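> Residue numbers (our numbering), protein chains in the order written: chain C, 1 to 260; chain W, 1 to 74.
If you are wondering where the hints come from, they were derived from the structure by calculation, not from laboratory data. Just so you know, not all the hints are guaranteed correct.
Chain C is faced by these chain W residues, among others (derived, beta-carbon under 7 Å) [stated by the list, open to error]: (1) H48; (2) A55; (3) A59; (4) I62; (5) L67; (6) L70.
Only a predicted model underlies this, so the values are computations on that prediction, with no experimental measurement involved. By construction, the Cβ of each residue, glycine as well, lies at the ideal position given by its N, Cα and C atoms.
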Amino acid sequence: MADPMHQFQVQKIMDLPDFSLPFVGRIDMAVTNATVALAISFALVVLFFAISTARVAVVPGRMQVIGESVFGFIDDLAVSIIGHEGRKFFPYVFTLFTFILAMNMLGLFLMFGPTAQLAVTATLGIMTIALVIIVGLVKNGLSFFKLFVPSGVPWYLLVLVVPIEVISFALRPATLALRLFGNMLGGHVAMKVFAGFVVSLGALAAGGGIGLLGIPGAALALGSVVALTALEFLVAFLQAFVFAVLACVYLNDAVHAGHH
Amino acid sequence: MDPEAAKYIGAGLATLGMIGAGIGVGTIFSGFLQGALRNPGAAGGQFHTLILGFALTEALGILSFVLGLLILFS
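Chain C extracted, bound-state conformation (with noise of 0.2 Å):
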């Protein structure tokens, strides 16, 4: 059987010249399959709102209803979490979740998903929280600090729930990060092993005789990858939404610190 984990290798695709930094040191500049599947997630989603934006007309057609309901559905997202300020993060979580969609789409149609990269996720997780600790201090000065200080809880408890709560704000990027690397590497590697079985058990077949007993547990092999195939589907679209929605619900945290 094929090695499942193949698929999530890095490759170099063209060698381009390294060159050093000061501090960070060398670094690779080879075009690998990873950028190669990140650039063309990037300019799929700019060719599609390109083009849903192109002819933009009162009675909206087929392309400009999809756009739309697209940009409604993050902006309702984020107005109903966020609040009023939530049109100023609009773009931001706008941004991410159609660039994650991309991304976990391009996974299930190109053999190789960019999400399913720890790289990949752990710097949208590390960008979305930097933005976190950056508005709310911009926003609520050192009173940004209150949001580990729970307030209604007694003084001798506090010495037990503020280092929770700084651990679960320290863990939020790491789990945003293992979320969604976790669930893309996860669905992929089962849809490969699930696919092994079809190759396996088929070949036990084509001995003849008592191998012949391998087809129906192939097909139900196959038909299993065609089911989770269909439930991929479900979860590149819901991994996104829970990404979107969890930026919108830490930025809430950042807007609203001083409330608590």
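Let chain C serve as the given structure and place chain W on it in line with the hints.
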């Protein structure tokens, strides 16, 4: 015991943490459905809370899954 065998057993044991996440996700959706069927009017407004609870619970299961992979491939 053969260290290679111990590694595989450890990876399998690490993924047992997903049992808890499975129970948790089931509890969340059953609680939501019970509430939603009693008061369908209020159900739509709580969809974000549902997804948030689901995501936070699922993250713990994913942590054990990633830990299993780390043990398996290290």
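> Now tell me if each hint is right for this structure.
Status of each hint after checking the structure:
1. H48: 6 Å, holds
2. A55: A55(W) check passes; min Cβ-Cβ to chain C is 4 Å, inside 7 Å.
3. A59: 4 Å, holds
4. I62: 4 Å, holds
5. L67: 10 Å, violated
6. L70: Since the shortest Cβ distance to chain C is 11 Å, the answer is violated.
When each numbered hint is compared with the structure, violations occur for hints 5, 6.
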